[in-house]
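*Asks:* Here are the chains, one letter per residue:
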Amino acid sequence: MSAPRPESRLTGVLHLRALTKRYGDLTALDGVSFDVAPGRVTGLLGANGAGKTTTMRAILGLVRLDEGDLRWNDDPIDRATRLRFGYLPEQRGVYPKMKVGEQVTYFGELHGMSRPDARRSAAELLDLVGLADRSDDMVEALSHGNQQRVQLAVSLVHRPSLLVLDEPFSGLDPLGVDAMSDALIRVAGEGAAVVLSSHQLELVEDVAEDVVMLAAGRVVRAGAVDTVRSSARANRLEVELDEPVNGSTPLPIGASIVDAVGNRLVIEVDDATTAHQVLGAFGERRLRSFRFEPATLAEVFKEAVSL
Amino acid sequence: MTARRTILLVARREILERVRSRAFIVSTIFTLVLVAAFIVIPALLSGDDEPTAVGVTGAAAEELEDRIVALAPLFEIEVDIEAVTAAEIDQRLTDGDLDVVVSVDEIVVFDDLGDATGALLSTAAADVRRGDAPAPEQLELRRVSTADPDEDDRRQVMAFVSTFILLLVVNAYGATLMTGVLEEKSTRVVEVVLSAVPARWLLAGKLLGLGVLGLGQVLLIAATGGLTSLLVGDVELPGGFAVLLAAVVLWFVLGYAFYATGYAVAGSVVSRMEDAQAALTPVSTAVMGSYLLTVFVVLQNPASTASQILTLLPPIAPLAVPARLALDEIAVWEFALAAVLTMATIVGLVRLGGRLYSGSILSTGGRVSWRDAWSRAEL
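Just so you know, the protein sequences line up as chains L and X, in that order. According to this note's numbering, the stretch in the first sequence is residues 36 to 342, in order. According to this note's numbering, the stretch in the second sequence is residues 408 to 786, in order.
Mixed in with the good hints there might be a few duds.
Computed Cβ-Cβ distance ranges for the label pairs, DEER-style [claimed, not checked]:
1) Pro111/L to Val739/X: 50 to 58 Å
2) Ile436/X to Ser178/L: 32 to 40 Å
3) Ala82/L to Ile436/X: 50 to 58 Å
Residues of chain L clear of chain X, computed beta-carbon distances all greater than 10 Å [to be verified]:
4) Asn108
5) Asn181
6) Ser190
Please keep in mind that the hints were generated in silico from the structure rather than gathered at the bench. A quick note: this is a predicted structure, and the numbers were derived from the prediction, not measured. Every residue, glycine too, gets a C-beta built ideally from N, C-alpha and C.
Isolated chain L (complex conformation):
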């Protein structure tokens, strides 16, 4: 891969303030506010219909908001600013009857690059995603997975300051997920602000540093991943015994079994109770292993949504 050119990115913070969007009786966004910081990956999490896609389309100017304000470094977002945004929509879309290299170059030019610059950048990116030798092939001749890589190259060709990806992991195999995560972490490392949406919360845990949780068009949790995880009212204790679990173990107040399979127990432990107190309840029984950790994003999300 050729060296990235971080100097070509202009970094900035994206501010979303009280975005509201109604479709008839349905309120898709109900006062959504959060920031997307440069050099970091922000995960936008939520169930289907929570408002993730509408939020992203609003950032790209594809949705007219009923209320609210989008700002880039405190400035209103105009067309010139938006040309520095990159977008990978959930429903992937590329021109099927166009050559791979020309396609990526074309989108570079649409974002204001000169043709030579766009060509150079396209070649670099196709090299990066492993399609350098397919540059002269028609997009429709590529496999589905390779078309996704073209899509990623399209969203990155103009070295965006803000990269918006709607469900970037959907439809990818595990290797594809790893490659996508690496690419996003690298882009953020070059200084871009990256925001991605996903309903697969465990995937986001690995790549995102900040998360925003959406439910029914509202932000229910937001912040750094560690902060959000430790914000849960309950921690999580996983215990493995050397014999099958029977339900009779008397746990202290503040701890409750949420799952018991074979020798394993998952126990929710509230903030006032320590792991030590809970483990003491097992008395003489031998513990094969135990793990005490903050709740996962998925658990935080369930807790937040059940409010």
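Based on the hints, put chain X in the right spot on chain L.
*Replies:* Showing chain X alone in chain L's frame:
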């Protein structure tokens, strides 16, 4: 990033994608071959092998007949000869079952006579009149027809052909535009494009790209038509053929611009090809209606008041004006007024179409109503 550069980028992509496709190349060549064949084949057919039907009349009819038969091989002309009475000459010529009637005093034709036939008949008539003496003297030539029916026929054909070509090309490029809009929408690539480009610029680029492509094709057709006519040679072109070609090109541009936004909007309000035909109904009805009115009203009676009114209506003008021009039945002021009215309407339609397009292009699922498309537009 200026509007101009963006629109040109979009237009360039549209042109390149089409020009490189095999289907486009094949259909273009096919069209040109068709146009050339349309001109060459009638010319070949009319370079006839049929004998010239000659009537002989007057007191010396029998002598004349013998002389013509004797001379015909020298002039390399085949003739069928029969005797006719003076009373039936005009009728037989008008009906077309005789090409020419000759007596010792005159040659009677419907409208025109080939040079070789003329020489043969005058030589024969002179021989009969003066015995064996050579006869340089010309006979009197009388025409039965007051009009020039061949010229009229040719003009009718030209009018019909130019109307038909305009219908074909406007329809073809409109349909291509509609399919392109729908493809961008159904592959969702339009979302990525619109994250960088305002909808109106995208539409403008697509209209421009396909318009340039269509114009190129019309010019090719016109050039092929003109060139083939010249090469074939014995096809007589109606007066003002070059002017007609120029007018066809101009009215293609106007006709395309008039209808194209309609096709584009039809493509943008639906998400599936199956629904596109229904959405296109208002546009295709207007196109076909204009064509039928042109063929059945304007071509039949180009000077009538109805034709004059139809000529000035913007949806019909692109077909009716070239048709009337081909028939040599249009006044300069009518041509100019029709062009101005059409252009003014185009400005309004493009604005309306741009608004409907931008209001519907990002919608998914079912068909967007015109009202929703109108009220959602402001991207």
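*Asks:* Hints first: check each against the structure and report whether it holds.
*Replies:* Each hint, compared with the structure:
1. Pro111/L to Val739/X: 50 to 58 Å: 54 Å, holds
2. Ile436/X to Ser178/L: 32 to 40 Å: 34 Å, holds
3. Ala82/L to Ile436/X: 50 to 58 Å: 55 Å, holds
4. Asn108: Holds, because the least Cβ-Cβ distance between Asn108/L and chain X comes to about 19 Å, which exceeds 10 Å.
5. Asn181: 16 Å, holds
6. Ser190: Answer for Ser190/L: violated, closest chain X Cβ roughly 8 Å.
Hint 6 from the list above is the single one not met by this structure.
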